[in-house]
Amino acid sequence: AQKVTQTQTSISVMEKTTVTMDCVYETQDSSYFLFWYKQTASGEIVFLIRQDSYKKENATVGHYSLNFQKPKSSIGLIITATQIEDSAVYFCAMRGNNNRIFFGDGTQLVVKP
Amino acid sequence: GGIITQTPKFLIGQEGQKLTLKCQQNFNHDTMYWYRQDSGKGLRLIYYSITENDLQKGDLSEGYDASREKKSSFSLTVTSAQKNEMAVFLCASRDWGGAYEQYFGPGTRLTVL
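Chains as they are written, first to last, in the numbering used here: chain F, 1 to 113; chain C, 1001 to 1113.
This is chain F alone, in the form it adopts within the complex (with noise of 0.2 Å):
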């Protein structure tokens, strides 16, 4: 069976601050790869960065990079000097074997003045 959860339902910040949003995965793949994507207020879904499940370095994009952790299937994103428009929903999401792709239910992100 293949799933991602999301524990964290929702998380508050003080911008400027550094967040990390956790994901678990599970999969019998030995392959996979896995992805942040941000849902905007106005609903818009945007990828932000992605894993390979081969590779060992964490990948970084900008100032958002990934905890990735294979011996626990876990996949965290971190966001370094948050800003207001980081407040957003994050999804975790993994694509195994098939093309289906398999996602969490969402971590709520506010960030504060």
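Please note that a few of the clues may not be correct.
Straight-line alpha carbon distances no greater than 25 Å define the calculated BS3-like cross-link-like pairs of lysine-lysine that follow [said to hold, decoys possible]: (1) F:Lys56 - F:Lys3; (2) F:Lys3 - C:Lys1041; (3) C:Lys1057 - F:Lys3; (4) C:Lys1022 - C:Lys1070; (5) C:Lys1041 - F:Lys112.
Derived, one-sided and incomplete: chain C residues facing chain F with beta-carbon distance under 10 Å [unchecked claim]: (6) Lys1022; (7) Asp1030; (8) Tyr1033; (9) Gln1037; (10) Arg1044; (11) Tyr1048; (12) Met1086; (13) Leu1090; (14) Arg1094; (15) Tyr1103; (16) Gly1107; (17) Arg1109.
Honestly, the hints are just simulated from the structure, not real lab data.
Cβ coordinates follow ideal geometry from the N, Cα and C atoms, glycine included.
Got chain F sorted already, so can you dock chain C onto it with the hints?
Relative to the frame of chain F, chain C by itself:
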């Protein structure tokens, strides 16, 4: 760059009515998806299509039909609209291959009277 267009943006129907949602993409992507997002919830897969004329059921396919007659378009039909399926329906597409991320359309909001 490309874009995903979903029509209509808002769809209002009567309970029991058959309703069709349309999605067009100009990325030339092979794979397309339909998701349902209930208010404040995550994305649940209804149908996906790996290529033209292919259809694969997701977890929520009961009560829905899909059609992929062209590479660029993917339609979803609600066979008998119910009040408990008022939600936003999101279309997405991606290129063939494991590493590619999904691109999402703006969504169709369904209201059932």
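Hints breached by this structure
6, 12
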